[in-house]
Structures are given as structure tokens and as C-alpha cells.
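Take a look at the letters that make up each chain.
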Amino acid sequence: MKLQEKNLKLMRRTAAVLLILILSALTAVTLTGCGEKNKNEVLVYSYGDYINPAVVKQFQKETGIKVVLDTYDTNEEMYPVIKNRAGVYDVVCPSDYMVERMRKEGLLQKINFKKVPNIKYIGKQYLKIAAENYDPTNSYSVPYQWGVAGILYNTKKIKAGSITSWNDLWNKKYKGSILMQDSVRDTMMVGLKKNGYSLNSTNKKQLQKAVNDLVAQRPLVYKYVNDSARDLLVGNSADLGVVWNGEVLYSQKLNKNLKFCVPKEGSELFIDNWVIPKNAFHKSNAEKWINFMCRPDIAYKNFEYLTYSTPNTGARKMMAAKYRNDPDLFLSDKQLENSEVLRDLGPEGDDLYSYYWKMFKSSN
Amino acid sequence: MKKLPAVPYIVWMIAGTFIPLLMIVYYGFTDRTGAFTTANILAVFQPVHMKALGLSLGLSVVSTVICLALSIPLALVLKHSTMGREGLIVFIFLLPMWMNFLLRTMAWQVILEKGGIMYHLAHMLHLPFPPIINTTGAIVLGMVYDFLPFMVLPIYNVLEKIDPNIIEAAYDLGAGESTVLRKIILPMCVPGIVSGITMVFVPSLTTFVISNILGGGKIYLIGNIIEQEFTTSANWNLGSGISLVMMVFILLSMAALMKLDKNGEGGMM
Amino acid sequence: MRKAIRGIYLIIILLFLYLPIVTLIVLSFNESKSMFAWRGFSLRWYKEMFNDTTMLSAVWNTFSIAMVSALLATVIGVLACVGILQFGKKGQAFLLGINNIPLLNADIVTGISLMLAFIAFGFYLNWGTVLLAHITFSIPYVILSVMPKLKQLGVSNYEAALDLGASPLTAFWKVVIPDIRPGIVSGFLLAFTMSVDDFVVTHFTRGAGINTISTLIYSQVKVGIRPTLFALSTIIFVVVMAVLVIANRGSSRQSSRNDFFLETPQS
Chain S
13 MKLQEKNLKL MRRTAAVLLI LILSALTAVT LTGCGEKNKN EVLVYSYGDY INPAVVKQFQ
73 KETGIKVVLD TYDTNEEMYP VIKNRAGVYD VVCPSDYMVE RMRKEGLLQK INFKKVPNIK
133 YIGKQYLKIA AENYDPTNSY SVPYQWGVAG ILYNTKKIKA GSITSWNDLW NKKYKGSILM
193 QDSVRDTMMV GLKKNGYSLN STNKKQLQKA VNDLVAQRPL VYKYVNDSAR DLLVGNSADL
253 GVVWNGEVLY SQKLNKNLKF CVPKEGSELF IDNWVIPKNA FHKSNAEKWI NFMCRPDIAY
313 KNFEYLTYST PNTGARKMMA AKYRNDPDLF LSDKQLENSE VLRDLGPEGD DLYSYYWKMF
373 KSSN
Chain V
876 MKKLPAVPYI VWMIAGTFIP LLMIVYYGFT DRTGAFTTAN ILAVFQPVHM KALGLSLGLS
936 VVSTVICLAL SIPLALVLKH STMGREGLIV FIFLLPMWMN FLLRTMAWQV ILEKGGIMYH
996 LAHMLHLPFP PIINTTGAIV LGMVYDFLPF MVLPIYNVLE KIDPNIIEAA YDLGAGESTV
1056 LRKIILPMCV PGIVSGITMV FVPSLTTFVI SNILGGGKIY LIGNIIEQEF TTSANWNLGS
1116 GISLVMMVFI LLSMAALMKL DKNGEGGMM
Chain H
628 MRKAIRGIYL IIILLFLYLP IVTLIVLSFN ESKSMFAWRG FSLRWYKEMF NDTTMLSAVW
688 NTFSIAMVSA LLATVIGVLA CVGILQFGKK GQAFLLGINN IPLLNADIVT GISLMLAFIA
748 FGFYLNWGTV LLAHITFSIP YVILSVMPKL KQLGVSNYEA ALDLGASPLT AFWKVVIPDI
808 RPGIVSGFLL AFTMSVDDFV VTHFTRGAGI NTISTLIYSQ VKVGIRPTLF ALSTIIFVVV
868 MAVLVIANRG SSRQSSRNDF FLETPQS
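Here the protein sequences come in this chain order: S, V and H.
Taking the working numbering, I'd label the letters of the first sequence as residues 13 to 376.
Taking the working numbering, I'd label the letters of the second sequence as residues 876 to 1144.
Taking the working numbering, I'd label the letters of the third sequence as residues 628 to 894.
Because the hints were derived from the structure by calculation, they are not lab data.
Ideal Cβ positions, reconstructed from N, Cα and C, are used throughout, including at glycine.
Misleading hints may appear alongside valid ones.
[As the list claims (entries may be wrong)] Simulated crosslink set (DSSO-like; lysine-lysine; CA at most 27 angstroms straight-line):
(1) H:K776 <-> V:K1036
(2) V:K1058 <-> S:K271
(3) V:K1134 <-> H:K716
(4) S:K51 <-> S:K140
(5) H:K776 <-> V:K954
(6) V:K878 <-> H:K630
(7) V:K1134 <-> H:K717
(8) V:K878 <-> H:K778
(9) S:K140 <-> S:K126
(10) V:K1036 <-> H:K674
(11) S:K313 <-> H:K674
(12) H:K717 <-> V:K1058
[To be verified] Computed list of chain S residues with no C-beta within reach of chain V, every gap over 10 angstroms:
(13) E277
(14) E316
(15) K373
Build out the structure end to end from the sequences listed, making use of the hints.
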């Protein structure tokens, strides 16, 4: 027994050392993220694979500012990070409705546009959409990419021009070869728009009707997917599906039979924007970043990499004519007539959509 | 003072297990404004949640039963094989687990997809192509595939420890082969079976990954609901409430199961 | 006849287990980015792998977290075993009982509860929070591996060493540790494996921009996985296989080795 006590003394010492270790580890964890204030860098938080890597390198070379790039996959993943300050970033790239929510909650600060002269290259129509929907004074956000949802279909299986409406996704002829989006608002959008309702509707009757239609459509659908829809269409695993127009160029390069259509009922239009969070450490570097991203040659390089339609008029001038006038890339005002931008619906609205979404998802 | 070496452990358990669980309890019993409510707990009884829970329960029970049905003969075969004793078979059996499990599950998508490997194989053999992808069948397949080793190994482990003399004695006393299997081998396997069931049932019941990868967005399990509430729907209170109910359910059913394994000998260790 | 049936059964099960793995390895040599079309043999993805900084940092995160968390979990676990044995019967039962809670808890609950706690206490979600989370779920496995060995051991060898004039420190390192080493080794390896293979807990506790191999794969499941990940996994798989084969050959008779294989499960 006595001997064991000696042993224990030893163990005790080890335990003490360990406790110190643990405590220091804990402190280290709490402190990291605070010690980065004084370096000449810019902390960028953006969608994954949403900036041409060459552009990032060029920015570092031209300005001498180090870029720390973190990425997220959805707005909803980014939002709590900014909200809970679980990470401090200088410049973030949220979509329209998320800009609205963050602005309302006071998470953003105004951009000093004297330092962003290249804003002049951003097309007026996009700033107008922004002002009408999520940034009334155009003072918190700068559009980066935009796009619209539509139906991409294989003309080998489906006659070109025969797809004109969301209702075509309910055509029994296409059973087992339809792809739908798999995220609350984007999927509900199809059900709502099909019936001529607003995609921001919070009317329970309208939502119920949309869900009923989506449930009825389920047996026809091959798969609910997000970005990989284009690969399934390219690989002929499916014949038609809901995709963003930014995917069209990429898909057509790999499969010439694919054709795109924005349904006549109107669709969902998105704009992703650069914003500066309230607690940013390097505001002026963030503004340099935004200004850089608005430069026509840089916007063009990003276009080459992403093939999303750019709101940058300067970049559009640099494009080859076939892209500059590509009807799928730069849609006419008439095509966009009935299209809408997602609005922030507040927590109650989110819960409402979540409720109907679960009702749809769990129907078997 | 003698107990001091256990202090880091106890501190860690409090900080890493109890406080976090209390956080779930706190979120589960409050609403967004922080006021007390039982709505998040009672939400489990909403039809949408009950449906998902029912489906999860059904699929995980089916997967557990299939794993069990495959594992008992497999463990017996492994025991009989001479290679098993040298660890080679067990080695072959565990090696797949070093390929990331998300990728292994992904691979089934490649195999089962329209235009995938199975499709071409069936085509070559002029067989009908089984449209299993994006159905509950694919989920069960994924669960069985991912969790089978967790059932086989504890059973094999217990089986290995059975004293061959006992079995020999039974034969000497005139017992037939099936009697030996039923009366001696299987009862002695119970601890292994119990821990195998735990290790297959719990992860199957709560998975959201397998249904995401192999369900094509058509299969909605309770794990998917919880994940959705914490990510896209951003209703952490509701997510916590449902997690809480699920946790209590699992702990209770496991406690009941453990009763079967009276001696507490089960386990991989 | 019976032997043949056994053999066939085994082969079918092994086919089932290895079909996906062979598929992945084959795909890593596919020239095309599409998973559904074979466009010829190529080492392209292996070359690209080394230029992919996101992936290299994910590899670094995965293995650094696994190493540190397994080490710390092993130290805490071994100490805990020694300490727990000093408690009375009821105390022991209680402490080992709570040890089961993280084991039985669903991954998703563990991950979410840790995330809520981290955020409530103002931690920045980053590499460190993932590490803390991994230590948390690893400790119970270490204890389960070490405890039985320590219980078997008793104190007689240790006392004998002291009688022969060894200091407590020497006696502990030279006598007790070697005796329970198989348990420690398998506990450590188990913790390491669990950490490398974990997805769900990491998914909820990682900060923005911190990826492990698992979370990187998951983020690409939605977009379509880049074959560089197949290449990376093939390399890891082959390396592990080689290590295990060599280790197994070197000491195929040593029971500790086989113990490890038996104790590896869980993901």
C-alpha cells in the first residue's frame, strides 16, 4: 500500500504537468484569431472555388497584402460564423438575402466608395436590383457574380424548344430522368413559381400548394442534387434538370446537346456580393480587395475561371463576341421580367419554409 | 490525494461531455428568445418528425439484423479458417476501414448509378438493371457495408476466446453439431452480439451522411432533420430538442440491451 | 463440400468489402474528371495532388490533429485508469459508467453539443476546437483498452522492483508501463484511427476554412468529387497496407499486434 502511494505521488506530478498543458492548450485556442490584427493581410471568406487562384496571386503581388482565404459552401454555414464572431474576416461574399439579413442585424459596415473607384464598372441594372431588394442605399455591398436558375435539357432526348415552363418538370414523359435542386428555398421556388406565386411567399395556402405539387412530382424525379446536377446531365444520367445559368457554358463544352431555358413563369435571380463585416480588422485592405475584384481585367479572369455571368461591364467588353452576346449568359430584360431575388424572411419565415420543406422531404 | 491522476479525466469529462450536453438541454428547452418552452421536445410528435424517425428506426433495425445474419456465419468461418489464427483474415477484413468511409460510401454511388458499373455489368449479362440507387435499399446497403466490421469483430473476438475443450466435451457427451451451435456457441457469443448490435444500430439510427450520399435527396432520416436544423434552417433550439429526445431514446434502449449481457464481458476490447 | 461453401461465402463477403475500394483505386487513374466515364489511364491526378494546397493542408490537419489528440488522450486515459482504480467499488463503477456515455452517444449529438459549448464559451472554432473535440471522443477508447490490462497487473512486480532498489519513477517506467504497453499501444492506435476517420464531429466543430480529409470530401460530394481525392486516398490506403503487412510479418505471433486488429473498429 505504502509503495503504491509513492507511485501515486509520481502520478500526481504527471497529472499536474498535464493540467498545465491542457490549460495552456485551452488558452492557445481562445487566443488564436485575436493575435492577427497588425499584419498586412486581408482575411477573405468566400464560397469554395469562387475566385480564380491566379487572381489571388496577382493581388498579393501587386499590393503586397497577404491574402488568407477561407471558404464555405452555403450562406447558412457562413452566417453563424460571422454572427458569433467565431472567426473574424475582413471581406465576405454572401448572396442577396443574406446581405439583407446581415445588414438588418448590424453585422456589416458601410463601404467607403472613394476607395473603390472601380465600382463604375458594375452595371447599373445590378445595383438597381440590389437597391430594390437587399441594400437600399447601395452602400454595404458590391455585386461580384450573378445568375439565374433555369432548366438545362438534352436535345437528343427532348426536342429543342419544347421546354418552356416549370410545368414541363411535371411531364410524365420524363419520369426518372428529372433532376431537381436540393435546398429549401431553391426547390420551393420551383413549386411556387410554377403556380405563379412569388418565391418569397409566406402565404400558407400557397406554400401548401407548392409542397403538394413537389410531392406529386417526386416519383418522376431521378435525384435531388445541387451543383452535381450538371455532371449528371453531361454524363447522360438524366435528361433535364434545374441548374444555374453559370453552369451552362461548362456543360455545353462537355456535351453539345445540352440546351438552357429560363421558364416563362420567371425564375430565381441571385447576386453574390462583397461586403465588409462590422468587426473587420483590415477595413482598408478589404476595400483594396473589393476594388481589385471590380477591375475589368480581374473580373474577366474570374469569368474565364467560373463562367458565371459577371455584372462587370468592363469585363463583358473584353469577352469574345460569342460570350458577350450569349443569350444564356446575359439574359434579356424580357426573360428576367418575372424573375425575383430571394428576400430574407426572418426567423419565422425560415421556420415556416423549414416546416413545409420537411413535410415535402418526409413524404413517401 | 491518491485519486489525483483521475483528475484530468474527470475535468475533461465535465468540460467535454457534461457541459456540452447541458448546452443541448438548455437549447432544447428554450426558444430563440431564451424563454423556457417544451415545444422543441414535443415537436418530435409532429407527423413530419415521426415519419423520419420511423423510417430511421426501420432502416437501422433492418441493417442491424442483416449485419447480424451475415456476421455469425462469417465469424464461424473465420474461426475455422487456419488463416484467421494468424491474423491475416482479420487483417484483410479491417483494411477497408483505412479508406475514408465517405469515399467508400461514395463508391457505391458510382457502382449503383444509372450508367455506373452495375449498369454496364447487368447490360453485358443481359440482366435487368436493379434501380436500387436513391431508394431505401441503397441506404440499407450503405449501412450494412459501413458497419459490418463492427458486428463481425466483437463476435469473432468472443468466439475466439471460447475454450475448445468445452466444445469437445459437448461432442464427447453426444451432442450433435446443431445442438452445440445452439446451446453452447451462440449463448457464449451473446456479449459480442450485444456490443455488435450497439455499434451498428446507433450509428445507423443517427446517420445523415449515408442518406445524403446514397439517397439522392429522396430519403429523409432523423439525422438529416437534425443536421438541417443546425445548418440551413438555423433553428438550433429545435435541432437540440430533437437530438435530446433521440439521445435519451438511444441511452434507454442500450441500457435495456446491456441487461442481456449480464457479465459485461462484451466489447471489442 | 462444407469447406467449399465456407470458402465461397468468405469470397462473396470479401468481394462486397473490396468492390468499392477497387473502384476508387481504378478511378484515381482515370483521365476524365467524371466518375462515370473511363477516358484512359493517367497519372494526372497524382501530379495535381501535390499542387492542391487546400488538399495538402487538409492532409496536414488530419494527421496533426490525429497525432496530438491520440497522444493527449492516451496520457489522460492512462492516468485516469490509475486514478480510477483508487476509488471504491461504487466510485469505480460510476466513473467507468460515465465513460460509456460518449461511446453510446450518437456522433451527431457529440459534435453538436461540443459546438454549442465552444460557441457559448466564446471559443473561435478552428484547428484547436477540432483537437479538443477529438481528444474528448478518444479518451473513452483509451480507457477501455488500458483498464483491463492494468486490472490484471496488480502491484507485485512494481513492489519487487522497489525492493530491489529502483526509484518509484524508474519502477513505473521500467515495470508498470511495459506490462500495460499492449493496452497503451492499442489505445493510442485506436484513438489515432478514430480521429483520422472521423467526419461528423469534425463537421460541427471545425471553423471556417479548417478542413480535414473527411470534411473536404464531404464538401465535394455536393459538387462532384475531384479525382485528386481518390489519388490521395489510394496513396494512404497503400501506405497503411504496406505498414500493416510489414508489421504483421515482423511479429505475426505477437498477440499485441493481433489485439490491435481486433480493437480497431469504430468509425
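Hint check results:
no.: 1; hint: H:K776 <-> V:K1036; verdict: 16 angstroms, holds
no.: 2; hint: V:K1058 <-> S:K271; verdict: 67 angstroms, violated
no.: 3; hint: V:K1134 <-> H:K716; verdict: 20 angstroms, holds
no.: 4; hint: S:K51 <-> S:K140; verdict: 37 angstroms, violated
no.: 5; hint: H:K776 <-> V:K954; verdict: 25 angstroms, holds
no.: 6; hint: V:K878 <-> H:K630; verdict: 55 angstroms, violated
no.: 7; hint: V:K1134 <-> H:K717; verdict: 18 angstroms, holds
no.: 8; hint: V:K878 <-> H:K778; verdict: 16 angstroms, holds
no.: 9; hint: S:K140 <-> S:K126; verdict: 20 angstroms, holds
no.: 10; hint: V:K1036 <-> H:K674; verdict: 48 angstroms, violated
no.: 11; hint: S:K313 <-> H:K674; verdict: 24 angstroms, holds
no.: 12; hint: H:K717 <-> V:K1058; verdict: 35 angstroms, violated
no.: 13; hint: E277; verdict: 23 angstroms, holds
no.: 14; hint: E316; verdict: 30 angstroms, holds
no.: 15; hint: K373; verdict: 4 angstroms, violated
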